[in-house]
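Chains as they are written, first to last, in my numbering: chain A, 27 to 363; chain B, 27 to 363; chain C, 27 to 363; chain D, 27 to 363.
Take the hints with a grain of salt, since some may be wrong.
Where chains are identical, the list cannot tell them apart; a pair therefore holds if satisfied intra-copy or between any two copies.
The list that follows gives simulated cross-link-like pairs (lysine-lysine, DSS-like), each with its CA atoms no further than 27 Å apart [what the hints assert, rightly or not]: (1) Lys110 with Lys228; (2) Lys96 with Lys302; (3) Lys178 with Lys110; (4) Lys103 with Lys302; (5) Lys46 with Lys302.
Bear in mind the hints are in silico, worked out from the structure with no lab data behind them.
There are 4 protein chains.
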Amino acid sequence: MIIVMNAGASENQIAHIREKLEEWGFGIHFSQGVERTIIGAIGQKRSGVMESIEAMDGVERVVPILQPFKLASREFKNKTSEVKVGEVVFGGEELILIAGPCAVENEAQMHETAYAVKKAGAKMLRGGAFKPRTSPYAFQGLEVEGLKILRKVSNAAQIPFVTEVVNPMEVELVAEYADVLQVGARNMQNFILLKEIGRVNKPVILKRGLAATIEEWLMAAEYILNEGNYQVILCERGIRTYETATRNTLDLSAVPLVQRMSHLPIIVDPSHGTGKRHLVGPLSRAAIAVGADGLMIEVHPDPESALSDGPQSLNLPGFESLMREIAPIVQAIGRKL
Amino acid sequence: MIIVMNAGASENQIAHIREKLEEWGFGIHFSQGVERTIIGAIGQKRSGVMESIEAMDGVERVVPILQPFKLASREFKNKTSEVKVGEVVFGGEELILIAGPCAVENEAQMHETAYAVKKAGAKMLRGGAFKPRTSPYAFQGLEVEGLKILRKVSNAAQIPFVTEVVNPMEVELVAEYADVLQVGARNMQNFILLKEIGRVNKPVILKRGLAATIEEWLMAAEYILNEGNYQVILCERGIRTYETATRNTLDLSAVPLVQRMSHLPIIVDPSHGTGKRHLVGPLSRAAIAVGADGLMIEVHPDPESALSDGPQSLNLPGFESLMREIAPIVQAIGRKL
Amino acid sequence: MIIVMNAGASENQIAHIREKLEEWGFGIHFSQGVERTIIGAIGQKRSGVMESIEAMDGVERVVPILQPFKLASREFKNKTSEVKVGEVVFGGEELILIAGPCAVENEAQMHETAYAVKKAGAKMLRGGAFKPRTSPYAFQGLEVEGLKILRKVSNAAQIPFVTEVVNPMEVELVAEYADVLQVGARNMQNFILLKEIGRVNKPVILKRGLAATIEEWLMAAEYILNEGNYQVILCERGIRTYETATRNTLDLSAVPLVQRMSHLPIIVDPSHGTGKRHLVGPLSRAAIAVGADGLMIEVHPDPESALSDGPQSLNLPGFESLMREIAPIVQAIGRKL
Amino acid sequence: MIIVMNAGASENQIAHIREKLEEWGFGIHFSQGVERTIIGAIGQKRSGVMESIEAMDGVERVVPILQPFKLASREFKNKTSEVKVGEVVFGGEELILIAGPCAVENEAQMHETAYAVKKAGAKMLRGGAFKPRTSPYAFQGLEVEGLKILRKVSNAAQIPFVTEVVNPMEVELVAEYADVLQVGARNMQNFILLKEIGRVNKPVILKRGLAATIEEWLMAAEYILNEGNYQVILCERGIRTYETATRNTLDLSAVPLVQRMSHLPIIVDPSHGTGKRHLVGPLSRAAIAVGADGLMIEVHPDPESALSDGPQSLNLPGFESLMREIAPIVQAIGRKL
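Bound-form chain A, shown alone (with noise of 0.2 Å):
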């Protein structure tokens, strides 16, 4: 770590810095610049040393030099993990679409959604049974009832799904119905979530969380795989900015950023990321450019009368059209569907 002193910095104020990095066993460079002091401290790093040096007087700053995350990272390993979910492969040479509705409403709504976009090319299928609503009194989910005609659903069409857990207590049980697990944006910080997830052995799909930095979403996967589950795909889903014509602005420069400082498959959900039915095929095929391992979206077979996010939902006709406009950009970018 760098830290940087303030103009005024005392010879006193400096001895005292000196004498405690000595004492946790840091190696210490001096830089004693016209207008201030610089102290280069190498060592192991070490959790609240950072942040006491900061708190001393006399210091303007502390310039971290390593990430923090190290499982997550792309100098722990370097090349793309592969995380598999039975034959699907995400990080790997396919592109994988995973297509259903927001919210999981009747059997009925399921088996037609199940059947088509497996039928248009979709490898996996979604649908939330616990909803995080920001109303209370919004449709919060069919909860355990959603998730057995997932189950069903996805049985009877042989495709996988993935589906949201927002309860600790319930990670075991949407564990035993999932193929996958979510992690919404809403929780990525949510760390008893994080925890009592890395204690299962399913993969995960981590969004993006709305204010999150690329760093912060690191270090959230971070606590997943400190707790031993490996099999963590990323999800940019579009932050928040000021910009009000789009719901979130989809950040697609995420993608190529995340395979430089990690090795974990990401994948994009340009429906949450835009909130417009519209944007959804031509962020669809920017994301596949980028590099993204694969696409979420959100497929409703009669999206107006959709419980949750009708606006920005593709109904089945509007998905394998989709699946046609991406094909030769899936292709062009050297990947397979």
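Using the hints, position chains B, C and D against chain A.
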């Protein structure tokens, strides 16, 4: 709600919406402008209706008219609620100071802090036993041991305490020890946690999420109120913006806005709101002047050895000095300490 | 426009608004809901009317219905405009590559760049003679000397060039030399400059301001169009968000949104949009896939000796390599290079 | 500056940087950590050097140590500068109130306002003759006619006035009439305008750009100071964030931060900062309490007929009431009105 149609919306599309609105029992007003049709729909709000309409063909956007929160709204109750913790009253004439360290580290630290801050004028102690930390490798708190220390010190010094709860499974446990529960910024939309807290009979301080709008914040309060717990105190603690000179951007406009939109009392946390010790004094003065009902201040007997948030913590003489600094402002605004 | 009254608005307040609206010649619809009154006002839009009403007592908010831009809107012209620069056409079938250094440094640098980027497939040269720099101590450009170099090199290599104009007094001067004028992000709302540019007969590339909404951007274009210059090309170059891993957050959703709201062609600048050389390739692919009409790429023969923006510049082999990288995407999206 | 190398940087890459730094006359310190090499470079700052190094192979990032502004910095002058406008002093003991309408509309309006705000305690009049408006169809100001009205009314009522200048070609013209020039938020990085203003001998109020960091704001001031005009007053007027409940987010932390980083006086504009009349009072109190040297308040005799910014303007009794409201806070903070 107001439905704005696309410029090119067809008569069939308009007729379809009319039909649906009538089916759902809405009163309808049509306004045929030169360029587009506007539909006003009046009736009982119902979950999902707005979304369904937004998903219909020919619709450009739907403008809600009513605020989505009810129990938290000023229209529900047209005077500020008082939330009582023994003799401490939030939302009354008195300005309430809450002080203490980010994390409980040991009994001596809490003991020293409790007596000192009480003597200086604080009415409530704070201290974290369960810490939500960005990194899994950072100090996570003393957990139950921390609660026990807090209870013991609180009883001895005769000052009530607030502590954060992060796990829905531990709400009852924490409520056994604590006088006031706290929901941290990262958990503001952890709806499972909010519901659990809504079911205990304890006052709760609900911090604003770091990318939450004021409306979303009041909706989070609504989750707690809707379960039957009306003792909610809001706490502004800064939002995430592009500015990096401060840890967060303290949004003091939120105080009078909340006071106009809601009846819930509201306090301000200038320590997290700025992340810098030298800003705590000026922003405390501003928070009082803008009309906040209280302040939450990070105080540590030895900030440079703090296990968390040292750079923004005052030491004990610093807190006494803060109390002297704010006294004239408290008086000027017509409140008491 | 829709006028939403406060829940407690008095009959007098409502009557006052009705009177004013009638005086201004608006058609009026009243909707009396359970909780509040909504007034629909239909008529010719007039500057300041919305603001006047918003300032009246009893008014909660005013919701505009019509978009504030006219000449830039898709409703004004329902197909993408072609902007021609000699044989180069923006908004047509061809994807246009613009390449060159941030700043013109000397003739040799521009000469080498011009021939190399043209050979690799670029259709236009870029280079700054007048540089708007955050610091008064940074290199401010070669000014007129730079324009002369650009013209000479452009003629020799037979490739048109675009350069930024920053001073309204120099619009005519720059227009004498340049084939295309550029308005930089910091000047997007420099209305004096926009008006001057609207009065010359030269194509102009209008970059999005770093905190501009899409609506404000189209309003800035409207300033140019309104003076009679219809040759406007929009350029998305990233917006300012809380994320610090990239210099800006490239908002690729802006491309299809602009294409739906406006008839103006739109290109993307992934160099400024990301600020990192290793992200230029992936984001170029994404920009093409999302539907942009062109790309603007920073290229420098020797980035590490560049006087400006070296970290985001490609060198000449890097640009050739980019051209090979994007070719399959260009084809997949049905365009030509 | 500190140069952080990539984990995998080669010895050749490191040697290349060492060579360049030596060539440029920097003192160099190497720190060889377990995972990467850090290079400290000490010497005269030189434009472009940091960028060059950032562009070199093997470099992860470059961390600047010195602040990029000089003349505006607190290190340059370690006490707050006083900027004098006749007997009005910014940065002294007195808290300065500036009041008046957004736009000059006619002489009667300005006459009535000037006498009323002066009587209530304002020390300076404001009013826009040249208005930068988002839409080309909105009222653009009375221009020279407005300047004449301002001068006439100012002389009659014996109160100096400030007015915005938007065009570099008109700086001298405006300076002939006005007592203080204003640079609006949209022009904060209009460097041509800043340089022109730096060449006249008039005090200037420099508003913060709506997406400007504090560092960029001080760099904009540096442009003016660097041309020889030292009479710069900064004005915080809110920044653009995701929150839509206010027009901007007033960043009051900027006041003590600027006071620590710079010697320039700083005032606050709560009218633009919030965009809502009912928030002007509370945020004025907060701005004074946080330590601002003055306030700029929009006041209009008849806000609902204002040609600009009516919703955030106080009427004349409203301004008198504001003066009474702030008086105790001014006293509490140890200042005078």
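Exercise. Honestly, which of those hints from before does the structure not fit?
Worked result: Violated: none.
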